[in-house]
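In the order they appear, the protein sequences are chains A and B. Numbering that gives the first Met the number 0 puts the first residue of the first sequence at 0, with every later residue one more than the last. Numbering that gives the first Met the number 0 puts the first residue of the second sequence at 0, with every later residue one more than the last.
You may find that some hints are simply not true.
To be verified - Listed next, with one range per pair, are the computed distances between beta-carbon atoms:
#	chain 1	residue 1	chain 2	residue 2	range
1	B	Thr123	A	Gln125	19 to 29 Å
2	B	Val34	A	Arg306	28 to 38 Å
3	B	Gly148	A	Gln125	27 to 37 Å
4	B	Arg306	A	Gln125	46 to 56 Å
5	A	Gly316	B	Val34	50 to 60 Å
6	A	Ser128	B	Gln268	22 to 32 Å
7	A	Gln308	B	Val34	36 to 46 Å
8	B	Gly275	A	Lys19	33 to 43 Å
9	B	Thr123	A	Thr123	24 to 34 Å
10	B	Ala252	A	Arg160	55 to 65 Å
11	A	Pro183	B	Ala124	35 to 45 Å
Claimed, not checked - Stretch by stretch, here's where chain A covers chain B in the computed footprint (C-beta under 8 Å, at least three residues):
#	stretch
12	76-82
13	85-96
14	241-255
15	261-267
16	372-386
Quick caveat, the hints were computed from the structure, so don't treat them as lab data. Quick reminder that beta carbons are idealized off the backbone N, C-alpha and C, glycines included.
There are 2 protein chains.
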Amino acid sequence: MNTYARPVSIAGIGSTRFGKMPERSIESLALEAAVAAIEDAGVERRRIGAVYLGNFVGGALVGQEILAGLLGDQLDLHGVPCTKVEGACASGGIALRHACLAVATGQCDVALAVGVEKMSHASTAQVTSALNCAMDNRADGPAGLTFPGFFGLVWGAHAARYGTTRRDVSAVVRKNKANGMRNPLAQQGRLITDEEIDASALIADPLRLHDCCPVSDGAAAVVVVARDVWSGNRSRLVDVLASVQTSGPARIAGFDDPCSFPATVRAAQLAFAQSGITASELAFVELHDCFSIAEIVDSEDLGIVPRGQGHHWAAEGRTAVDGDMPINPSGGLLAKGHPVGATGLGQAFEAVRQLRGEHANQVRDAVFGMTHNLGGTGVACTVSILARGDR
Amino acid sequence: MNTYARPVSIAGIGSTRFGKMPERSIESLALEAAVAAIEDAGVERRRIGAVYLGNFVGGALVGQEILAGLLGDQLDLHGVPCTKVEGACASGGIALRHACLAVATGQCDVALAVGVEKMSHASTAQVTSALNCAMDNRADGPAGLTFPGFFGLVWGAHAARYGTTRRDVSAVVRKNKANGMRNPLAQQGRLITDEEIDASALIADPLRLHDCCPVSDGAAAVVVVARDVWSGNRSRLVDVLASVQTSGPARIAGFDDPCSFPATVRAAQLAFAQSGITASELAFVELHDCFSIAEIVDSEDLGIVPRGQGHHWAAEGRTAVDGDMPINPSGGLLAKGHPVGATGLGQAFEAVRQLRGEHANQVRDAVFGMTHNLGGTGVACTVSILARGDR
Chain A
0 MNTYARPVSI
10 AGIGSTRFGK
20 MPERSIESLA
30 LEAAVAAIED
40 AGVERRRIGA
50 VYLGNFVGGA
60 LVGQEILAGL
70 LGDQLDLHGV
80 PCTKVEGACA
90 SGGIALRHAC
100 LAVATGQCDV
110 ALAVGVEKMS
120 HASTAQVTSA
130 LNCAMDNRAD
140 GPAGLTFPGF
150 FGLVWGAHAA
160 RYGTTRRDVS
170 AVVRKNKANG
180 MRNPLAQQGR
190 LITDEEIDAS
200 ALIADPLRLH
210 DCCPVSDGAA
220 AVVVVARDVW
230 SGNRSRLVDV
240 LASVQTSGPA
250 RIAGFDDPCS
260 FPATVRAAQL
270 AFAQSGITAS
280 ELAFVELHDC
290 FSIAEIVDSE
300 DLGIVPRGQG
310 HHWAAEGRTA
320 VDGDMPINPS
330 GGLLAKGHPV
340 GATGLGQAFE
350 AVRQLRGEHA
360 NQVRDAVFGM
370 THNLGGTGVA
380 CTVSILARGD
390 R
Chain B
0 MNTYARPVSI
10 AGIGSTRFGK
20 MPERSIESLA
30 LEAAVAAIED
40 AGVERRRIGA
50 VYLGNFVGGA
60 LVGQEILAGL
70 LGDQLDLHGV
80 PCTKVEGACA
90 SGGIALRHAC
100 LAVATGQCDV
110 ALAVGVEKMS
120 HASTAQVTSA
130 LNCAMDNRAD
140 GPAGLTFPGF
150 FGLVWGAHAA
160 RYGTTRRDVS
170 AVVRKNKANG
180 MRNPLAQQGR
190 LITDEEIDAS
200 ALIADPLRLH
210 DCCPVSDGAA
220 AVVVVARDVW
230 SGNRSRLVDV
240 LASVQTSGPA
250 RIAGFDDPCS
260 FPATVRAAQL
270 AFAQSGITAS
280 ELAFVELHDC
290 FSIAEIVDSE
300 DLGIVPRGQG
310 HHWAAEGRTA
320 VDGDMPINPS
330 GGLLAKGHPV
340 GATGLGQAFE
350 AVRQLRGEHA
360 NQVRDAVFGM
370 THNLGGTGVA
380 CTVSILARGD
390 R
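In isolation and in its complexed conformation, chain A is listed as follows:
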C-alpha cells in the first residue's frame, strides 16, 4: 500500500465558506482556497511540483472540465503536472491522497491538493440528475434509485437489525447542526429540535429534509510538504500518518450487508495499520455524513464505535465535541455543507485546525484525528489519519 518512507505533512490550509454562492465561478472558488492554502503555508508557488484537484460534477453541472489545468494556469504553475481526480463524493480525499503520494515518493517536495464543486446555480432536478452520475446507472438507474433512496434503504436495514429509531438518528442531525453554529465556514449551523426534524418534508422514507446534507458550493485546499526538507514554520505542521484509498461494490446487488460499506471498513483498517495508532487514540473524526444515517453506519465501519452501537452513541451524546469520540465537530456535511468535490479537503482543513489547536469548536487533547470521505454507494473511499506535528 502507500509508502510513507518519506514523512509528509500539511503546511498550509485554505477554504472558502461552504454555502450557496451561485454568482461565483467554479474557478474562482478553487483559486480562493488554493491561494489561501499557499499563503498559510508561506511557500513560494514555484516550489509546487504537483497539483491534484478533486471535482465531481463540473462536467455535468457547470460545463467546465480541465479544472486542474485552469487552476495551475491561474497560479502560473506552467509545466507542473495538474490532474483532476474523480471518485464521486470521495474526489477531494483522492486528491489529498495523490498529493501526499507525490511528495512521499519523491516526485516533488511540495504538492497542492484542491477540491471544488459548484452546484447551487442548478435546479433540484439537475442536481439530483448530476449526483446520480455517481451511481451505476445501468444496474440501479432503471429502478429510479437516487442517493436519498439508497440511504433510506440503509437506514431501514440498520433499523431492522439494531432497532435504530427516528430519535436516535435525529440526535446526529441535532449535534451536527449545533456544531455548525461554531464553524464560521458552515452553511447551516443552527439549533434544531426533534419536532422540526419530524415536521420536515419526507424525501425518501424514512429520510426527511433535515437528514440530508444541503446543496453547496465551495472549495478547500491543502499544501502538502516533505517534512525532511521543509524550512518554514515547523510548529504548525500537521503530519499525514496515512492517506488510504479503497473501492467497494457499486451496485446495490453487490452488497452482502446493507448496514456496512466494505470500502470504509478496509480503508480504516489499512489507515490504522499504516499509522500504527488505534481508534482510542483519535481525538476526533470528521466523517462522511451525507445523510444522518450515514454517520451512524460510518462510525461503526471505521471501528470508532462498536458495531450495532452507532445509534446509541449518537443518542447518548458520546459523539459530541466533549464526548468519548467526537464526530464531526465541524458540523459535518449535514451542517457545514457538501460541495461534493471539496468535501474531502474540507475535512482535512477542519482536522488541521483541530490539530493546531485553533478550531472554533475545539476538541480536547487533539493529537490524532481521522478524516473519512465516501463516494457514491461506497464505491470509493478515503481515510486519512493526521497528527499534530509537535506531538
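Once you have looked at the hints, place chain B on chain A.
Just chain B now, with coordinates in the frame of chain A:
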C-alpha cells in the same frame, strides 16, 4: 520529476475498435479493453493493485461518472484504489503515467490503466459543447471559440510565419488516412485525394472536414508491471523509459507563440532527459493529431522535426511509415479516431504493437517509440518513451 528507480514495463494491451458504436455502453467499452489487456498480460486479476481510468466527458455527455470504480467493481477488484483522472484530451496519457507511478514507487506490482469515451450517440451540437469543457470558458468562451476555431488560428499563425500551404497540411491528412487502412481498429482508413480534402466542408477557416478527427467511441487499456518481480512472459514486455506529464497556458491570451505548445516542448525535453535517448533513436512517434495542423506543430514541439520544417517533412513524405521519422503509423487521431479519454492509451497500444514487431503497419527497427497526448488548448500534455524489452 518521475522516479523510475524501479523499472516499469507494459505486459499487456487491449483495445476496442475505435468508431461509432452508439449502442455500446461506456462501461462495456472500458471493460472490453481492460479484460483484453489483462488476458494479454496473462496476469491474475487479484494482483492488480491500482486502477487509473482516463475519461473526459462522461459527466457531460453520458451522465456517468465514478467510471474507475464501476470498472473495478466489474473486474471484482474490491478494495483496490480506482481513480478517474481527467486532463481533457490528455486524460488517457495521464492514466498511463499514474499507473506507471503506482508501480515505479512500489505501491503495487501490477497496475491497470484504461481510457474510455462515448460520444457518437450525441448530436454535433452536444459534442461541440462537451468538448468545449476543455476550454477556459470564462476567458475564451465569450468569443465563441471552439477547438476547430482554435486550431484554425494555429494554422494561420504557422502559415504566416513559415509559409505552410493547404497542400502541405493535406499531406498529413492523406498519410494518416492511408495509414488507417492498415489498422484494423481504425475508424476512417481510406485513400483520400487533395481534391476531396479541398471539396470537404469548411469547418473553421482554413480547417476543412477532413482536417478534423472524427467523433469516436472506444476504449484502450494497458497492464503495467514491475519488471523486477514479473514472472510472466518476458519476451513481450515493453519498457516504459519515461512517462511525463506537464501543463501549459489555458487561455489564448496566455500563449507567447501560437505556433507552439509549451507543455509539449517541456514534456518532450523531460522525457528525453529521463530516458536518456535522443530523437534520432526513435523508430516512430504516435502524436496528438486532433487536427491536421496539430501534427505539424506537435512534430516541431517534440523536437523530432526541426522548428519550422514540420510542413515540409509532411509534404516530402519524411513522416511516412518508411520515412525518416514515421509519425502516426496507426492512422493517428485523424484516421484511427479520437474517443477522447481513450486516445492516450490507444497510442500506447499502438506503440506496444510496434515494439513487439506485430503491428499491421510495422515500422523498421522498432526499438524505441514515443507517444504524445495533448489536452485542451495545450493546458495538459503527456509524453512517454517506450522501448522493446529485449533490446
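Status of the hints after comparison with the structure:
1. For the pair Thr123(B) and Gln125(A), the supplied restraint of 19 to 29 Å holds, since their beta-carbon distance comes to about 23 Å.
2. In this structure the supplied range 28 to 38 Å holds for Val34(B) paired with Arg306(A), their Cβ-Cβ distance being about 36 Å.
3. Range check, Gly148(B) to Gln125(A): Cβ separation about 28 Å, and the 27 to 37 Å hint holds.
4. A beta carbon spacing of about 47 Å between Arg306(B) and Gln125(A) agrees with the range 46 to 56 Å that was offered as a hint.
5. In this structure, Gly316(A) and Val34(B) meet the distance hint of 50 to 60 Å, their C-beta atoms being roughly 51 Å apart.
6. Range check, Ser128(A) to Gln268(B): Cβ separation about 44 Å, and the 22 to 32 Å hint is violated.
7. Range check, Gln308(A) to Val34(B): about 42 Å between beta-carbon atoms, so the 36 to 46 Å window is met.
8. As the Cβ distance of Gly275(B) to Lys19(A) is approximately 54 Å, the hint placing it in 33 to 43 Å is violated.
9. Between Thr123(B) and Thr123(A) the CB atoms are about 30 Å apart, so this pair conforms to the stated range of 24 to 34 Å.
10. The beta-carbon spacing between Ala252(B) and Arg160(A), approximately 60 Å, falls within the hinted interval of 55 to 65 Å.
11. Between Pro183(A) and Ala124(B), the C-beta spacing of about 44 Å keeps the proposed range 35 to 45 Å intact.
12. Given a C-beta distance limit of less than 8 Å, the hint that chain A covers the stretch 76-82 of chain B holds, as 7 residues qualify and 3 suffice.
13. Evaluation of the coverage hint for the stretch 85-96 of chain B: fulfilled, as 5 residues show C-beta separations to chain A shorter than 8 Å, against a requirement of three.
14. Remark: the stretch 241-255 of chain B is confirmed as covered by chain A, as 8 of its residues place a Cβ nearer than 8 Å to a Cβ of that chain, reaching the required three.
15. Coverage of the stretch 261-267 of chain B by chain A holds. Counting CB-CB distances below 8 Å, 3 residues qualify, and the rule asks for three or more.
16. Counting residues of the stretch 372-386 of chain B whose beta carbon lies closer than 8 Å to any beta carbon of chain A gives 4, which meets the minimum of three for the stated coverage.
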